[in-house]
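Given next are the chains, with one letter for each unit.
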Amino acid sequence: MNDSVLVLSIVSAIVAGTPILFAALGEILTERSGVMNLGVEGMMLIGGVTGFWAGVQTGNLWVALLAGGLAGVVFSAVHALLAISLRVNQIVSGLALVIVGNGLSSYWGTIGDAPLIQSFNGVQVDPILPEALRGLPAVGPILFGHDPVVYLSWLIVAGAGYFLYRTNAGLSLRAVGEDPAAADAAGLSVTGIRYLFTLVGGFGAGVGGAYLALAVLGTWQAGMTAGAGWIAVALVILAGWRPWLALLASYVFGALRTLGFTLQIAGVEVPSDFLSMIPFVVTFLVVVIVSANPERARRVGAPASLGEPYSREAR
Amino acid sequence: MAAVGETILEVRDLNKSFYGVAANEQVNFDLRAGEVHGLLGENGAGKSTLCSVLAGLYRPDSGEISLDGQRVSLRSPHEAAEHGIGMVYQHFRLVPSLTVAENLVLGLKGQGVRLTLRAVETRVAEIAEEYGLSVHPSAYIWQLSVGEQQRVEILKQLYRGARILILDEPTAVLAPQECEKLFEVVRHMADQDHSVVLVSHKMEEILGHTDRVTVLRGGRNAGTVPTEDATASQLATMMIGAEHMPEAGQHEPRRIDDAEPVLTVTDLHVTGDRGTPAVNGASLEVCRGQIVGIAGVAGNGQREFQEALAGLRPATSGSVRLGDRDITAASPRRRSQVGLAYVPEDRLGTGLASGLTIEENLVLKSYREPPHSRFGVLSSSAIAATARTLVERFDVRGARRQMAVSLMSGGNLQRAILARELTRSHDVLLAASPTRGLDVAATAAVRGHIRAETDDGRGVLLFSEDLAEITELSDLILVMSRGRIVGSYTPETLDVEELGLLMTGAKDHGAHQDGGRAA
Amino acid sequence: MTLRVSVEPRARPALAVRVGVPIASLAAAALVGAAIIVVSGNSPLEAYRTVLDSSLNGVRPITRTLVLATPLILTGLAAAVAFRMRVWNIGAEGQLYMGAIAASGLALWLPADTPKVLMLAAMIVGGSVLGALWAGVAALPKAYFNTNEVITTLMLNFVALYFMNYLIFGTVSFWRDPGRNYPQGKLIPDSAELPIIHHRLHYGLVIALIAAVVLWWVLRGTTWGFELRTIGDSPSASRYAGMSVSGKILSVLALSGALAGVAGAIEISGTLKALDPRAVATELGFTGIVVAAVARLNPLGVVPVAVLLGAVAASGAKLQTIGIDAEIVFLLQGLIFLFVASGEFFLSNRLVVSSTSAAMSQTPATEAAHE
Amino acid sequence: GDDEEAAPAAPAEAPAEAPAEEPAEEPMEEAEPAEEPMEEVEPAEEAAPSDGTGYSVAFVFDLFIEDGGWNTTHYRGVQKVQEAFPGLEVQVIEEISPGPAATNAFEDLASAGVDMIVGTTYFMPDVMPVAEQYPDTIFLTWAGWQTADNVGHFDGATEDGRYLDGLIAGSVTQSGIIGYPAGYPIEEVNRALNAFTIGVREVNPDAVVQVVYINSWYDPPVEQQAAEALANGGADVLAHELNSPAVASVAEDRGLNIIGYSSDRSEVAPNAWLSSFTFEWGPYYIDQVQQMIDGTWEPALTYGGLQAGMIGNSPYGQDVTDEMLALVNERRQQILDGTFDYFAGPILDNEGNVQVPEGGTIPFEERTTCCLWLIEGVEGSIS
Ligand SMILES: Nc1ncnc2c1ncn2[C@@H]1O[C@H](COP(=O)(O)OP(=O)(O)OP(=O)(O)O)[C@@H](O)[C@H]1O
Ligand SMILES: Nc1ncnc2c1ncn2[C@@H]1O[C@H](COP(=O)(O)OP(=O)(O)OP(=O)(O)O)[C@@H](O)[C@H]1O
Ligand SMILES: [Mg+2]
Ligand SMILES: [Mg+2]
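Protein sequences appear in the order of chains A, B, C and D.
Using the working numbering, the first residue of the first sequence is number 1, and each one after it goes up by one.
Using the working numbering, the first residue of the second sequence is number 1, and each one after it goes up by one.
Using the working numbering, the first residue of the third sequence is number 1, and each one after it goes up by one.
Using the working numbering, the first residue of the fourth sequence is number 1, and each one after it goes up by one.
Some hints could be false.
What the hints assert, rightly or not - Simulated restraints, written as ranges between beta carbons of each label pair: (1) D:Pro205 with C:Trp109: 45 to 51 Å; (2) C:Trp109 with B:Ala329: 57 to 63 Å; (3) A:Leu133 with D:Ser175: 24 to 30 Å.
Calculated from the structure, these hints are not laboratory results.
What you are looking at is a predicted structure, and each value in this text was computed from that prediction instead of being measured.
Ideal Cβ placement from N, Cα and C applies to all residues, glycine included.
Let the hints inform the model, and build the full structure from the sequences given.
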């Protein structure tokens with residue numbers, strides 16, 4: 001039962017979805033403040049190389065994830081400066097982050113006589129819950145079989161949801177993203193909040209990259225995200241800027257990919273390239289279908305001021 | 001807490017300029033505890049700028065502000081609020097997608113982590129009770145009428161314990177009864193030792209409801225006088241520096257039984273932005289040479305009605321006829337081609353494209369027609385020529401050839417729109433709040449243009465929340481409420497009292513409101 | 001009274017400013033780049049000399065730079081035209097693939113003795129059409145449901161990449177040259193190759209330059225461009241003026257996709273001579289977005305920016321021969337983007353030192369005419 | 001659709017049309033790669049007289065040399081060259097993507113006077129125009145097919161090593177399912193997969209090999225997911241033709257066994273590790289440099305496997321038993337002696353068509369154009 005393809009595939013989808021989930025959650029909070037950061041791919045790469053380096057140095061998972069997150073913060077600060085203070089086109093600033101992140105991480109990972117790319121980290125990421133629970137049919141592997149970081153991601157999802165809709169700070173964040181002028185007049189610091197949550201987004205992406213290198217791949221590879229950051233950006237939109245839906249979207253995206261491979265093994269007479277398209281086509285269709293219904297579209301709409309720099313005295 | 005009559009706020013030599021345009025120059029201003037202080041001035045005189053500086057929104061270039069004798073620097077609305085200064089802006093600053101209660105607690109310090117609205121709602125109820133400001137705490141802002149939104153803004157300031165309340169042109173959007181209620185609230189606050197700064201263009205409001213009045217002209221002080229010593233003509237002089245203001249001559253309502261209708265609307269239904277019905281079965285007729293005015297409180301479907309007539313919003317049912325043409329389904333361009341001119345409420349953003357130059361904006365509707373373009377190729381010389389003539393004929397000022405129109409002033413923006421709309425051949429003029437926020441001179445000019453329309457046998461459909469404007473111009477006055485035409489008067493049969501009641505007939509018009517933050 | 005430095009928006013930047021700021025930004029990027037090069041243990045001077053030598057110093061280097069710049073000009077234009085209307089087409093990448101597929105397909109399908117002019121015309125038209133259609137897949141939902149085009153165009157990039165890979169690596173398609181040790185596209189006939197200007201520089205450059213000038217004129221001199229600018233400036237004003245926004249979304253995305261498609265066609269006809277997915281999928285589309293933005297969405301500005309990037313790219317290998325890591329080269333490109341993008345701020349804002357008297361800086365009138 | 005008939009057709013028509021339209025290909029037919037490299041590899045063994053002083057060689061990579069996969073295997077060859085010719089000036093140029101950038105790189109090197117330039121991946125289309133202009137420079141590229149006076153090409157017969165790997169995989173698997181994530185369904189990959197499967201079925205006739213193509217040579221997250229999918233499907237041994245260590249670490253995490261691709265992954269997967277064939281470009285490179293120095297260099301299409309010394313093997317893992325090794329070593333020796341042909345017919349594809357008749361084989365010189373079919377015992381399809 002617990003080694004049925006279905007159960008195992010769900011577990012795999014969760015593993016594969018977790019790095020993207022971290023990045024997507026971070027980006028959701030960033031975009032909720034009205035800042036769009038397309039540099040997720042770059043921040044994940046930077047977080048990945050830093051986290052892996054820390055992992056190699058300390059062998060401690062949490063130190064490594066923290067290091068990855070902080071690297072993401074530092075990197076996202078560049079975007080914050082450009083997008084918020086200098087009011088640079090946010091799409092451009094984001095793309096520039098991707099390019100710089102790619103070059104910087106590859107450089108760091110391949111220099112020296114003991115480059116990271118050839119090192120292996122002693123970091124252990126094992127299930128934490130007792131065998132008894134893990135053994136339970138179906139729910140065992142799916143719910144109880146994961147490493148602590150997966151549970152952390154679930155906590156963060158719940159936390160982010162609570163934060164957004166049940167706390168004063170969350171209210172402020174939503175207000176800033178919806179109507180910065182009103183938030184400003186209400187005494188909130190629009191710039192401050194936008195900076196803060198741009199950095200938070202960087203942290204999420206950094207942790208995602210570090211987890212990808214340390215836990216999912218177990219090694220560092222240059223350009224190892226290979227587009228995962230872009231998928232995170234897409235899933236934010238797909239999830240309608242909602243943490244719970246982001247969790248769902250990340251796992252489903254992973255599952256759809258696995259589905260493509262499962263179909264290949266089953267020997268369906270469809271070229272593998274077309275099976276590889278499945279997750280992207282499905283994402284495309286879902287977004288279109290959602291937006292096709294104005295009522296639904298409004299409910300999962302983007303924060304009203306997304307991508308618009310705010311300046312108090314402009315009119 | 002300062003004793004009544006004591007000066008609590010003092011402004012010295014305030015300077016603030018935008019794009020090198022001085023909005024406030026060496027402005028001095030002082031406010032006493034428990035007084036209602038009027039702030040009077042033409043458009044762009046600098047009233048809002050002064051207020052925004054006091055509210056911590058704008059940083060002055062130089063000058064001193066002191067509270068209770070202490071020099072203070074108000075670097076943000078938050079700091080101003082901490083000093084007990086609260087402002088209700090000309091354009092409301094509420095988040096439409098949040099509820100009243102959420103907007104009230106937004107940005108308040110010391111709220112703890114959890115968002116607890118119940119406490120807020122009870123406290124709100126109390127204040128609302130005390131000042132007679134009834135609103136539903138859990139309603140979404142976008143559901144509220146403009147009047148209700150204004151009450152939320154005032155509540156918000158009181159809730160934050162503001163002792164100095166700044167109201168920037170609060171009555172511009174209110175029906176007479178609402179205005180009266182507002183002034184009761186204001187007076188009540190003054191009695192509670194709060195101080196109120198009341199910005200307005202309207203002489204009678206200033207004379208009727210303030211203790212002292214400060215007049216600004218061209219960003220400079222024109223003087224401060226106790227209201228009881230002041231007369232209308234004196235204030236007007238201080239405002240525009242001329243002895244007498246231009247006469248807004250009342251005109252003869254025409255008899256129009258014989259005239260044939262140019263615009264016929266039958267049982268029109270229109271849906272609002274939020275999918276809720278905004279116009280439910282409105283019917284009316286505009287005849288040649290007739291001005292039909294539609295009075296109503298903002299948010300009763302006027303905007304959707306205008307947009308439906310202009311073709312910007314589909315009608316769910318009913319019909320619109322221009323002359324004998326059915327234009328119910330026609331595109332905006334088609335309507336303008338067959339003779340509908342439209343002066344929208346939102347000048348910058350709808351009436352004009354803010355980033356384009358004045359020239360480009362003046363041909364916004366005729367750029368496809370020769371001589372402005374042939375076979376899709378624009379002729380800049382022809383466009384420049386047209387622009388030059390229009391700018392002269394309609395006396396549009398402050399326009400520079402390659403400058404974005406967003407830098408132009410309110411009145412001049414309106415002149416530009418009229419210039420473009422009125423010079424296209426048309427049978428019907430659809431005008432929405434054409435003089436909102438304009439000063440006396442600009443207002444007179446605009447009204448002159450509107451009247452001139454009827455002389456050439458055109459029909460005019462005029463929407464306005466300014467009752468005076470409606471009564472002054474219209475041959476037929478309709479009242480719109482809850483998306484319906486609920487009353488009809490000729491200037492003779494007009495009963496302002498009753499009309500006001502009709503306008504404000506029901507208070508829960510909210511459902512038809514979309515954010516309601518007028519341009 | 002105290003002096004205060006404050007930031008103030010500019011109404012219109014003066015010409016001097018619009019030229020000076022980007023140059024200053026480049027200088028700043030070069031400085032930071034120098035720092036990084038020093039850290040990596042090399043000589044900045046030698047590095048920059050190498051860049052100049054292998055990209056601009058002499059006819060051959062220049063031709064190489066221009067070969068690399070040509071597709072960037074076109075993808076830059078593709079991004080510029082869409083972004084002008086605030087349509088964020090992130091899909092130039094995939095649209096370029098589609099253009100390459102169509103062009104190579106036509107070149108192989110048409111008889112090899114087809115007159116060059118016809119052949120080239122067919123390839124370029126075919127490439128632009130397929131690029132436009134591919135953009136249309138995202139344009140339709142954008143136009144009618146206002147579907148977020150960032151995500152749709154992004155997804156379509158992946159789909160297009162898998163499709164192109166399929167044609168060469170996934171099956172023995174019409175495009176593929178069978179029986180080779182390694183899958184590769186069939187070589188296009190001579191009649192399908194763009195004529196050479198000098199060395200490897202082909203007439204694709206001329207096509208790109210013409211496209212830039214034409215697009216510049218279309219934007220400012222035609223009703224179509226006027227509508228595009230108006231919609232980009234304020235959608236509600238343009239609807240009020242009777243413009244069809246959804247129609248424009250379709251035509252703008254189609255044009256954007258067409259330009260990217262032409263880039264693909266020209267890569268096939270001018271440099272690659274066969275459909276080689278590995279050589280087509282080199283992020284030309286993404287780079288084009290940054291090119292456009294650095295050029296402030298001005299079609300004429302796109303050309304120098306693309307050439308600049310071409311120059312940096314052209315020196316990639318040479319820099320390695322003097323011991324500078326390949327990644328440093330990417331880093332330099334990224335820096336250029338970051339700095340020039342930041343420079344944008346000083347184009348639309350100015351620092352004002354104000355004292356007692358209100359700052360009386362130049363009024364909009366005295367500032368130069370707009371592009 | 002078109003694939004069904006295309007797939008079987010391809011090998012048949014390849015030789016038929018090739019000479020007709022590609023005279024340059026003829027060396028391929030004539031060259032007897034099987035022995036050609038053989039004899040020439042000898043001199044490399046005994047220390048070379050010249051230490052290469054005064055000569056220069058450059059190697060161009062499409063990724064970086066530390067990728068732990070394809071590029072690293074070539075870099076090992078580069079290091080061998082440096083050992084053999086201490087005086088030789090050796091340059092390594094990384095991250096040159098095919099297309100105009102590559103053409104520029106080769107031009108830069110040639111114009112700088114480098115004597116021999118080696119492209120370590122499929123750079124032929126980018127090299128040809130440069131080679132024309134620099135007749136005195138020798139160009140070598142991997143998997144090219146069109147020679148010129150100064151252009152030769154080389155490729156390694158993966159299948160030799162893959163067949164031996166298959167013997168081990170087949171002996172180790174308990175579930176009888178072996179997962180095989182690969183890049184693209186192209187000839188080279190399928191050829192290796194088929195040889196691998198022959199090895200597997202030789203020792204374990206009922207075992208199946210499940211193949212999954214990820215349609216990329218390098219996408220670690222996707223490689224990881226493909227491996228997971230195969231493990232979920234019941235595979236207890238994973239082999240792969242992908243560059244990153246992702247598959248190996250999945251095998252380690254899930255307690256499976258792993259057959260590597262051309263590089264030793266025993267650090268990533270100490271417990272899971274079985275073995276992997278390796279590319280040994282060193283001898284070939286050394287030989288080519290030697291010929292250049294001796295002035296005897298001739299353009300050739302070199303396709304070499306075990307016999308040519310271009311295919312070797314990594315250290316074996318703990319789960320590889322002695323009898324497995326015995327069998328592997330026996331087969332290796334037979335292949336070296338030329339007394340054993342794992343491609344000996346009859347061979348059916350996994351759709352039941354006869355691909356190699358009784359008594360037939362896939363001739364060594366025709367191998368490079370094989371296979372666009374998957375052998376019986378492979379689950380998956382290339383359609
Ligand atoms: N947003 C702005 N940016 C730069 N300059 C501005 C801006 N708004 C107004 N100005 C300048 O200030 C001058 C006065 O503007 P203002 O809106 O006060 O005019 P006004 O006094 O209201 O005139 P009117 O009575 O016609 O509205 C205008 O000529 C304009 O050039
Ligand atoms: N945010 C701004 N940016 C640029 N110019 C501004 C801005 N706010 C005000 N101005 C200019 O400063 C001057 C004073 O404007 P202000 O809004 O204070 O006048 P006002 O008295 O409130 O006019 P109104 O009666 O139209 O509200 C005008 O020239 C106006 O155009
Ligand atoms: Mg004004
Ligand atoms: Mg004002």
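Results for each hint:
Taking 45 to 51 Å as the suggested C-beta distance range, the pair proline 205 of chain D and tryptophan 109 of chain C conforms, at roughly 47 Å. Hint check: tryptophan 109 of chain C to alanine 329 of chain B, Cβ distance near 46 Å, so the stated range 57 to 63 Å is violated. Distance hint check for leucine 133 of chain A and serine 175 of chain D: the Cβ-Cβ separation is about 26 Å, which falls inside the suggested range of 24 to 30 Å.
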